[in-house]
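S.K.: The chain contents come next:
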Amino acid sequence: KQEVTQIPAALSVPEGENLVLNCSFTDSAIYNLQWFRQDPGKGLTSLLLIQSSQREQTSGRLNASLDKSSGRSTLYIAASQPGDSATYLCAVPNTNAGKSTFGDGTTLTVKP
Amino acid sequence: DTAVSQTPKYLVTQMGNDKSIKCEQNLGHDTMYWYKQDSKKFLKIMFSYNNKELIINETVPNRFSPKSPDKAHLNLHINSLELGDSAVYFCASSSTDRGSGYTFGSGTRLTVV
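Protein chains in written order, with this note's numbering: chain A, 1 to 112; chain B, 113 to 225.
Calculated from the structure, these hints are not laboratory results. You may find that some hints are simply not true.
[To be verified] No more than 25 Å apart at the CA atoms, straight line, and that leaves these computed lysine-lysine pairs for PhoX-like:
#: 1; chain 1: A; residue 1: Lys1; chain 2: B; residue 2: Lys121
#: 2; chain 1: A; residue 1: Lys42; chain 2: B; residue 2: Lys153
#: 3; chain 1: A; residue 1: Lys1; chain 2: B; residue 2: Lys131
#: 4; chain 1: B; residue 1: Lys153; chain 2: B; residue 2: Lys131
#: 5; chain 1: B; residue 1: Lys152; chain 2: A; residue 2: Lys111
#: 6; chain 1: A; residue 1: Lys42; chain 2: B; residue 2: Lys121
#: 7; chain 1: A; residue 1: Lys42; chain 2: B; residue 2: Lys156
#: 8; chain 1: A; residue 1: Lys1; chain 2: B; residue 2: Lys148
#: 9; chain 1: B; residue 1: Lys131; chain 2: B; residue 2: Lys156
#: 10; chain 1: B; residue 1: Lys179; chain 2: B; residue 2: Lys121
#: 11; chain 1: B; residue 1: Lys131; chain 2: B; residue 2: Lys121
[To be verified] From the derived model, a few chain B residues whose C-beta atoms are all more than 10 Å from chain A:
#: 12; residue: Gln126
#: 13; residue: Asp130
#: 14; residue: Gly140
#: 15; residue: Leu155
#: 16; residue: Asp182
#: 17; residue: Ser218
[What the hints assert, rightly or not] Residues from chain B that keep clear of chain A, each with C-beta distances beyond 10 Å, as calculated:
#: 18; residue: Thr119
#: 19; residue: Met127
#: 20; residue: Ile157
#: 21; residue: Val172
#: 22; residue: Arg175
#: 23; residue: Ser206
#: 24; residue: Thr215
For glycine and all other residues, C-beta sits at the position ideal for the given N, C-alpha and C.
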């Protein structure tokens with residue numbers, strides 16, 4: 001059974017700092033891994049989708065890496081801004097069709 | 113706009129009532145899901161449908177019944193609502209193409225009073 005863990009559960013940083021969010025998964029037989037952002041009271045917005053054959057994906061100030069063999073992914077946020085404050089979730093689709101396992105998220109607060 | 117859309121966004125109802133939440137996607141995806149996000153903000157899958165067929169049914173009370181009239185729609189009907197059903201319910205879709213990610217709707221906040 002796939003289990004996804006995100007550490008830390010909460011993170012508070014001053015504006016401008018670079019930071020890393022961690023996601024680990026127990027079953028390395030994955031198709032891809034997806035990072036989401038959720039603002040309070042809102043839905044999930046997809047940030048980055050990394051295929052199992054890829055090592056990383058970049059979008060603006062965000063960079064996600066994937067190491068299947070060690071069962072880890074990181075989300076790097078450069079030059080953090082208060083607008084980055086949100087909960088970040090990683091999701092790993094189960095190898096059986098249809099099921100995605102979500103981590104419990106990291107709640108990020110960027111202080112001005 | 114291509115999207116996953118859910119209605120209603122908010123639903124306040126009394127215990128014992130029956131209610132439905134609707135979901136539609138125009139992304140051409142063949143798999144749709146219902147997730148529940150509880151007060152602790154943890155996301156748990158409830159149901160998954162692929163091409164109108166149920167493929168995942170997690171441990172969910174049988175008061176919850178999904179219905180998929182076609183690949184683009186997945187509705188959730190809840191009978192005899194209880195206080196513990198209060199949560200945010202998210203619809204999502206994906207393609208069985210292994211490279212596809214998930215697209216989520218904006219959620220339905222259900223409050224049972």
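S.K.: Against chain A, does Thr215 (chain B) hold up as non-interface, every C-beta pair farther apart than 10 Å?
M.R.: Non-interface label on Thr215 (chain B) violated, nearest chain A Cβ at 7 Å vs cutoff 10 Å.
S.K.: Please verify whether Lys42 (chain A) and Lys156 (chain B) have alpha carbons no more than 25 Å apart.
M.R.: holds (16 Å)
S.K.: If we take the beta carbon of Asp130 (chain B), is the closest beta carbon in chain A still more than 10 Å away?
M.R.: With a cut-off of 10 Å, Asp130 (chain B) remains clear of chain A, as the shortest Cβ separation is near 25 Å.
S.K.: Would the pair Lys153 (chain B) and Lys131 (chain B) pass a check requiring their Cα atoms to be no farther apart than 25 Å?
M.R.: OK: Lys153 (chain B) and Lys131 (chain B) at ~22 Å, within 25 Å.
S.K.: Does the claim that Ser206 (chain B) lies off the interface hold, with its Cβ farther than 10 Å from every Cβ of chain A?
M.R.: violated (8 Å)
S.K.: Could you check that no beta carbon of chain A comes within 10 Å of the beta carbon of Arg175 (chain B)?
M.R.: holds (22 Å)
S.K.: Minimum C-beta separation from Val172 (chain B) to chain A exceeding 10 Å: can you confirm that?
M.R.: holds (14 Å)
S.K.: Given the proposed pairing of Lys1 (chain A) with Lys131 (chain B), does the C-alpha separation stay at or below 25 Å?
M.R.: Judged against 25 Å, a Cα distance of about 33 Å means the pair is violated.
S.K.: Take the C-alpha atoms of Lys131 (chain B) and Lys156 (chain B), compute the straight-line distance between them, and say whether it is at most 25 Å.
M.R.: holds (20 Å)
S.K.: Has the given pair, Lys1 (chain A) with Lys148 (chain B), been kept, meaning a C-alpha gap of at most 25 Å?
M.R.: holds (20 Å)
S.K.: For Gln126 (chain B), is the shortest CB-to-CB distance to chain A above 10 Å, so the non-interface label stands?
M.R.: holds (23 Å)
S.K.: If I take the minimum Cβ distance from Ser218 (chain B) to any residue of chain A, is it greater than 10 Å?
M.R.: violated (4 Å)
In the structure shown, a violation is registered for the earlier hints numbered 1, 3, 15, 17, 20, 23 and 24, in ascending order.
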